[in-house]
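Using the sequences plus the hints, can you model the full thing?
Residue numbers (the working numbering), protein chains in the order written: chain A, 1 to 296; chain B, 1 to 345; chain C, 1 to 345; chain D, 1 to 498.
Be careful, since some hints might not be right.
List of simulated lysine to aspartate or glutamate pairs, EDC-like, C-alpha gap at most 16 Å [to be verified]:
{"no.": "1", "chain 1": "D", "residue 1": "Lys114", "chain 2": "D", "residue 2": "Glu125"}
{"no.": "2", "chain 1": "A", "residue 1": "Lys110", "chain 2": "A", "residue 2": "Asp212"}
{"no.": "3", "chain 1": "D", "residue 1": "Lys343", "chain 2": "C", "residue 2": "Glu230"}
{"no.": "4", "chain 1": "D", "residue 1": "Lys328", "chain 2": "B", "residue 2": "Glu230"}
{"no.": "5", "chain 1": "D", "residue 1": "Lys440", "chain 2": "D", "residue 2": "Glu461"}
{"no.": "6", "chain 1": "D", "residue 1": "Lys343", "chain 2": "B", "residue 2": "Asp119"}
Here are some, though not all, of the chain B residues that point toward chain A, as calculated from beta-carbon distances under 8 Å [unchecked claim]:
{"no.": "7", "residue": "Thr68"}
{"no.": "8", "residue": "Arg264"}
{"no.": "9", "residue": "Pro270"}
{"no.": "10", "residue": "Ala272"}
{"no.": "11", "residue": "Pro322"}
Facing chain D, from chain C, some residues (calculated, C-beta under 8 Å) [to be verified]:
{"no.": "12", "residue": "Leu67"}
{"no.": "13", "residue": "Glu69"}
{"no.": "14", "residue": "Ile73"}
{"no.": "15", "residue": "Ala224"}
{"no.": "16", "residue": "Arg233"}
{"no.": "17", "residue": "Ala292"}
{"no.": "18", "residue": "Gly294"}
What the hints contain is simulated information worked out from the structure, not anything from laboratory work.
For each residue, glycine too, the CB sits at the ideal point set by N, CA and C.
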Amino acid sequence: QDGLIAASVADQKSLFYIAAVDGMRAAAEEAGLDFNVASANNNSREQISQVQNLLVQQPDALLFISQDSTAAAAGVKAANSAGVPVIAVDQRPESGDGDIVTFIATDSVKAARDLCTWLFDQMGGEGQLAILKGVLGSTAEIQRTQGCNEALENYPGIEVVAIQTANWDENEAFRATQNILTANPELEAVFGESDAMALGAAKAAREASRDDLLSVGIDGFPTMFDAIREGLVQATMAQVPYQMGMMAVQDAVKIMNGEGDSIPELQYQDAVLLTAENIDEYEPSDFYGPAAAAME
Amino acid sequence: MGRQGNAMSHAKSNTDESVKAGRNSEAPTGSERLAALGGSVLRQVPGPLIGLIAVCIAFSWMSPYFLTERNLINIFSQISEIGIMAVGAALVILIGGIDLSVGAVVALSLMVNAWLYRDFGVPFVFSSLVGLGVGALVGLVNGVLSTYGRVQPFVATLATMSACSGLALYVTNGGPVTGFPDWFTGLASLRIFGLPFESLLMVGIFLIVAWWLTFRPTGRSLYAIGGSEEVARLSGINTRAVKILVYVIAGLLAAVASLVLGARLDSAHPTAGISDLLSVIAVVVIGGASLAGGSGGMLGTFIGLLIIGVLRNGMALLNVSPNLQPVVIGIAIIIAVMLDRKTAN
Amino acid sequence: MGRQGNAMSHAKSNTDESVKAGRNSEAPTGSERLAALGGSVLRQVPGPLIGLIAVCIAFSWMSPYFLTERNLINIFSQISEIGIMAVGAALVILIGGIDLSVGAVVALSLMVNAWLYRDFGVPFVFSSLVGLGVGALVGLVNGVLSTYGRVQPFVATLATMSACSGLALYVTNGGPVTGFPDWFTGLASLRIFGLPFESLLMVGIFLIVAWWLTFRPTGRSLYAIGGSEEVARLSGINTRAVKILVYVIAGLLAAVASLVLGARLDSAHPTAGISDLLSVIAVVVIGGASLAGGSGGMLGTFIGLLIIGVLRNGMALLNVSPNLQPVVIGIAIIIAVMLDRKTAN
Amino acid sequence: METNAPSSTGLDCRGLVKNYGPISVLKSVDLFLAPGTCVGLIGENGAGKSTFNSLVAGVVAPSDGRMWLDGQPYEPHSPSDAIQRGVALIHQEIRLLPGLSVAENLFLGALPMKAGRIDRRYMEEKARAVLATLGVRVDPRRPVLGLTMAVQQGIEIAKAILRNPRYVIFDEPTAAVGETEAEQIMAQVQKLKSEGVGVIYVSHRLDEVQELADEVVCLRDGHRVSRWTERPVPKDEMINAMVGREFTFEHHPPSPSRDKVVLEVRGAGRSGAFEGVSFDLYEGEILGLAGLIGAGRTDVVRAIAGADRLDRGTISVDGRDIQFRSPKGAMKAGIFMVPEDRKGQGLNLDRSASENITLPWEKKLAKFGQITGRRVAEVGETQKDRFDIRGRMNLPVGSMSGGNQQKVLLAKWLVEEPRVLIVDEPTRGVDVGAKMAIYKILRELASAGMGIIVVSSELEEVLGLSHRIMVMSEGRQSGMLSREEAIPERVMSLAVSG
Ligand SMILES: Nc1ncnc2c1ncn2[C@@H]1O[C@H](COP(=O)(O)OP(=O)(O)OP(=O)(O)O)[C@@H](O)[C@H]1O
Ligand SMILES: Nc1ncnc2c1ncn2[C@@H]1O[C@H](COP(=O)(O)OP(=O)(O)OP(=O)(O)O)[C@@H](O)[C@H]1O
Ligand SMILES: O[C@@H]1[C@@H](O)[C@@H](O)CO[C@H]1O
Ligand SMILES: [Mg+2]
Ligand SMILES: [Mg+2]
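Printed below as a string of structure tokens:
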């Protein structure tokens with residue numbers, strides 16, 4: 001089969017996006033399609049440019065992992081006007097009347113809500129909590145904050161004593177947690193909006209001899225597997241980006257074969273809560289594909 | 001520090017007249033006139049033009065899409081906001097300053113605009129004007145701090161950058177705003193003579209500012225101030241007023257860029273534009289301006305803009321691996337700049 | 001452009017001498033000597049020290065935790081990497097250059113190190129040395145490009161920044177590496193006389209470089225080169241060699257910072273350090289260095305480092321809303337810098 | 001090129017050529033300098049003197065020609081190379097680092113060491129000693145910023161001497177200093193000679209050349225046109241050789257000034273700089289400002305021209321009180337000042353001569369608010385002719401010779417005619433012919449009704465030009481002399497005593 005699949009992705013630094021692209025590439029190879037990918041370095045303006053650049057090559061489908069939900073609309077619009085079908089992954093276009101064939105994603109609000117609910121149960125429904133946010137204003141930050149807030153409504157005993165941003169960065173999370181622990185010696189748990197930040201928080205706690213501090217994250221990165229086993233961190237919500245990437249290409253193939261109508265509009269993938277109890281049932285590659293295996 | 005190699009070599013290659021045209025010599029000969037003309041044309045062709053041409057040739061050879069009309073239009077529309085911001089940044093750099101707040105001003109003025117429009121029902125035209133006003137105001141603060149306040153421009157604009165990016169998040173507590181009026185978002189797809197409106201706007205701004213810098217006394221004084229503020233002051237230029245004006249223009253242009261961005265994305269995001277800072281300054285400097293001030297101009301900046309725009313576009317067309325793209329871009333920038341040096345010698 | 005206000009006021013307060021010290025004046029009078037001495041002491045107390053003190057007083061009043069031993073130690077350990085990078089950045093700025101690659105060098109040297117160690121089984125001591133070598137090599141490239149290559153430092157280091165950040169992702173295709181030898185990660189929790197090893201390392205580097213800048217001819221020559229490269233050259237200084245050396249030191253120190261980072265987190269991320277660029281330069285400039293070169297020093301940089309470190313720490317202790325933190329930091333920077341101006345007058 | 005073997009002692013330069021691109025600035029110049037002697041190098045502005053010096057001192061490489069130092073081939077590829085071989089150059093333009101201390105400037109590139117550290121104590125002591133022999137009294141620990149031109153010139157000379165050179169080139173060392181300093185500098189040259197050092201001495205003050213030089217070489221348009229080996233070399237011969245024709249001094253007695261006061265200064269003072277300055281300047285009058293270096297003349301005129309603040313006193317132009325706080329305000333009121341420091345205050349060396357000249361005038365030159373490159377070039381060409389500027393007006397001023405830069409500086413302030421013109425050291429580094437031309441212009445401007453203040457460290461210049469002379473001493477106005485009263489002795493005694 002002859003054809004070109006184009007993908008525009010927010011960045012190629014986060015393992016999440018790397019795995020998603022790996023999944024896409026693998027599926028495209030399997031289907032014998034050419035695969036072009038552009039990474040926007042977390043710049044939504046830049047990403048619109050890249051979408052335009054990809055469209056110049058008239059691909060058969062555009063797989064679109066937008067930098068944020070608001071910017072997504074413009075990319076979709078551009079693709080629509082070029083007559084290229086769009087498969088949105090991870091970020092759903094929030095406005096505009098653009099058409100997408102399907103939206104494949106983790107329900108981030110739900111993932112955060114479930115994770116926090118689990119965490120609050122571990123805390124016995126009361127105690128001090130700190131939240132480490134991702135880059136402020138980014139969709140993942142907004143949705144995960146929202147999910148945690150929803151969980152908090154059911155747990156009046158949980159007191160949020162500190163909210164800081166660590167910009168998805170482990171080292172920044174380390175510093176922020178040091179400071180939070182200084183000001184809040186009674187702190188019991190940290191909700192990191194990503195695994196990297198959960199790890200940074202846990203390492204800061206360990207350094208401050210607070211091994212009892214609970215720390216959870218979202219992503220299910222390979223690095224979390226050992227960390228959970230060792231008790232450094234307690235849980236993570238594993239997403240399935242590799243699989244999402246493969247699905248996106250498979251859907252694209254369906255469109256090319258004229259079977260586009262059979263694709264559901266919304267394909268939420270459940271995130272899996274990984275804790276010490278079930279960690280041995282999974283492999284990192286279940287979530288992040290072969291790339292993850294190399295990283296463990 | 002690296003003054004323009006261009007101006008330097010220029011100086012070197014043209015001195016015969018100063019030797020020949022002694023007191024006794026008559027009016028300049030024809031060949032001397034020609035040489036002078038050649039000199040002044042050379043002076044007009046600044047920055048790494050050769051580099052740009054080389055890059056373009058390479059890409060049109062490597063990708064069949066590069067020279068298509070659609071792609072060329074894309075390139076132009078893709079560089080619009082950066083270009084508009086770069087005009088302001090170039091002016092600031094010309095007077096020997098720097099403006100780190102340019103990206104954050106984009107975010108703040110866009111958010112204030114969208115917030116007034118959505119949450120207070122302010123008519124969009126007015127909320128946009130307020131957005132522009134915010135940009136100008138931040139520029140004013142930058143200008144006043146770095147003149148009367150005697151704070152280094154780097155520090156002053158670092159502070160306003162920080163403050164603006166925080167405020168941009170604060171107005172809507174980090175949430176994005178979507179849904180601008182249709183006539184406004186329509187501007188993003190408006191074509192005039194087949195050219196995108198936003199690109200024409202950018203080119204228009206470049207032309208007006210180039211005209212100002214070349215033909216208006218105030219504009220011309222920017223070179224004097226950048227060359228030596230004391231010399232400019234003693235020559236009767238109100239250097240403080242001009243400097244403040246320049247920062248205000250830079251802020252205003254950033255706000256204009258925010259409108260272009262808002263129309264294109266049909267949304268306002270509190271981090272919009274923030275990561276463009278380095279690209280904006282890079283465009284100006286690649287175009288031949290020196291951060292020491294006093295050299296550079298609109299033509300050079302435009303060439304710098306095209307170099308960055310073409311490089312990014314071409315990489316995407318060629319499907320270079322995303323991790324390697326920055327490597328290739330880094331190398332290409334150096335080659336583009338060095339090509340120019342070599343030929344200038 | 002904003003030469004240091006410090007130096008300026010200094011100059012002004014001393015012009016009377018130039019009047020007095022005419023041909024008729026005898027040896028300087030006692031009071032003149034005193035004034036000169038006062039001047040040179042003033043010269044030693046640079047940058048916004050007053051600002052730092054004010055910030056510290058404010059925080060110790062607002063948070064009971066601020067002045068605890070634990071918190072002070074935390075502050076010191078939190079600023080270690082930025083501090084080490086800032087030393088290199090300060091040297092580069094001192095000679096009138098700029099190094100944008102510093103953050104990307106952290107990422108690249110750490111990744112190369114970790115990659116060699118994990119994927120090739122290179123003993124960690126050697127892989128670390130290679131990592132340091134990578135830092136020095138990038139510095140060398142920066143230095144050669146900006147001297148022999150006659151590329152502006154901004155452009156040269158922008159290019160290497162771009163290239164390094166791409167390569168850092170490339171070596172492991174963006175994946176992080178975890179699991180360094182225990183003895184190495186142990187360094188992160190090592191305390192000497194109760195002080196974190198990394199902080200002592202940073203302070204040691206500051207002291208050595210300060211000594212070099214003050215007492216060694218090569219170090220001293222940085223001020224001359226920054227003041228005027230031409231004058232320095234005419235005075236017999238090998239300006240190119242010194243400039244290259246400075247960029248190499250800056251690259252090397254960035255690589256050292258990457259080791260500190262790696263030991264602390266027991267992992268290597270391909271984006272580690274990249275976002276620190278602006279903070280690193282800010283530290284130097286807030287500390288009183290001028291981007292025009294020729295002014296600034298280690299004491300000022302250290303004060304700038306503490307200002308940034310204390311501000312961030314204090315905000316976190318007070319749990320200021322993350323949206324407002326940048327606003328407060330922006331305002332605080334201006335106040336800190338202006339306080340100093342006021343008192344210097 | 002001469003073929004005989006190089007001398008085994010001395011600096012032997014043969015056939016030195018320097019081309020900038022296609023243009024040759026120096027065309028096969030020979031010069032021989034024996035140890036313990038002095039060669040005077042003269043020539044019009046732009047003749048190539050400084051270029052020759054740069055070749056010898058390794059600042060730029062020659063395009064052709066060879067040099068030998070004490071019989072050994074000498075090809076300096078950097079200034080440090082030349083310094084190491086014992087050749088030092090005192091540049092025409094003062095090049096010190098304002099931020100560094102005097103002592104450090106002196107030892108820059110050769111800082112003395114002790115126990116692995118810079119030996120500051122030795123450095124300061126040595127600096128003080130060397131400066132003292134030059135008559136420069138300045139604390140070696142203070143920064144150079146803010147020192148007078150004369151002191152800076154002294155530091156430049158001391159810097160060269162400290163390197164113990166065997167050959168020293170002085171490029172117009174006395175252009176920026178007063179008579180007394182000039183005498184001290186010349187004494188220093190004599191001393192060096194007597195110690196066996198070979199000296200190349202460049203100056204437009206021909207009596208100095210006459211007094212010091214054992215041999216005089218004259219350049220014109222990059223050629224060596226004359227050489228005298230017998231002293232004394234007659235001054236008129238030197239002048240004729242420089243300009244390439246018979247040169248006659250024109251003597252114009254100043255036309256009388258009128259009764260109308262243009263500028264009135266009353267009780268002017270600025271803390272720490274000068275006090276109690278009061279005078280009237282009449283239409284058509286040239287008022288000379290005399291005094292020793294550092295007497296405060298520059299400070300006074302800078303304050304009058306709005307460049308520095310005025311703490312006390314009033315200034316009025318044509319009877320109208322002026323309240324200005326900036327040069328711009330002063331210029332609006334009709335007061336223009338040509339600053340003394342052309343590099344730091346007068347010209348932007350990277351911009352073209354024409355652009356420099358039009359800078360203060362752009363608003364006036366503009367038509368419909370626009371100013372074109374052509375208009376700038378026209379004005380530049382007009383001023384080029386009027387001030388006899390040698391060089392291309394569309395090139396950066398920095399590539400012009402020092403004297404021609406000075407002419408551009410004057411031309412910059414005289415595109416249109418102000419009410420009051422202040423010129424601070426107007427003929428610094430200008431050759432004899434051009435000097436006469438400048439005097440002529442100043443006199444013409446005065447007779448057309450302008451009021452002119454001339455600050456000059458050349459007493460001869462002040463005395464020759466002015467209707468009246470105001471003498472300053474240590475920041476005070478110590479006397480006002482009419483043309484007739486102003487004999488050198490009287491001026492000097494007022495300048496010294498105060
Ligand atoms: N870097 C340069 N580029 C081009 N032309 C130059 C350069 N340096 C000097 N020249 C030209 O060389 C000629 C000789 O200049 P030079 O400075 O040697 O003159 P000079 O004899 O020292 O004059 P003055 O008495 O005014 O100092 C001048 O016409 C000058 O314009
Ligand atoms: N605001 C200022 N900024 C920089 N330099 C200044 C300032 N005011 C005065 N100067 C310099 O200080 C020096 C002292 O000036 P002053 O008027 O005392 O000297 P002077 O009598 O003119 O002697 P000279 O011949 O050395 O200029 C001058 O060189 C002048 O250029
Ligand atoms: O899940 C990832 C996060 O871990 C972070 O890297 C940002 O993007 C999100 O989608
Ligand atoms: Mg000369
Ligand atoms: Mg003076």
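So, going through the hints one by one against the coordinates:
no.: 1; hint: D:Lys114 / D:Glu125; verdict: holds (14 Å)
no.: 2; hint: A:Lys110 / A:Asp212; verdict: violated (27 Å)
no.: 3; hint: D:Lys343 / C:Glu230; verdict: holds (14 Å)
no.: 4; hint: D:Lys328 / B:Glu230; verdict: holds (12 Å)
no.: 5; hint: D:Lys440 / D:Glu461; verdict: holds (12 Å)
no.: 6; hint: D:Lys343 / B:Asp119; verdict: violated (57 Å)
no.: 7; hint: Thr68; verdict: holds (7 Å)
no.: 8; hint: Arg264; verdict: holds (6 Å)
no.: 9; hint: Pro270; verdict: holds (4 Å)
no.: 10; hint: Ala272; verdict: holds (7 Å)
no.: 11; hint: Pro322; verdict: holds (4 Å)
no.: 12; hint: Leu67; verdict: violated (37 Å)
no.: 13; hint: Glu69; verdict: violated (35 Å)
no.: 14; hint: Ile73; verdict: violated (33 Å)
no.: 15; hint: Ala224; verdict: holds (6 Å)
no.: 16; hint: Arg233; verdict: holds (6 Å)
no.: 17; hint: Ala292; verdict: violated (11 Å)
no.: 18; hint: Gly294; verdict: holds (5 Å)
Violated hints, in rising order: 2, 6, 12, 13, 14, 17; the structure is consistent with all others.
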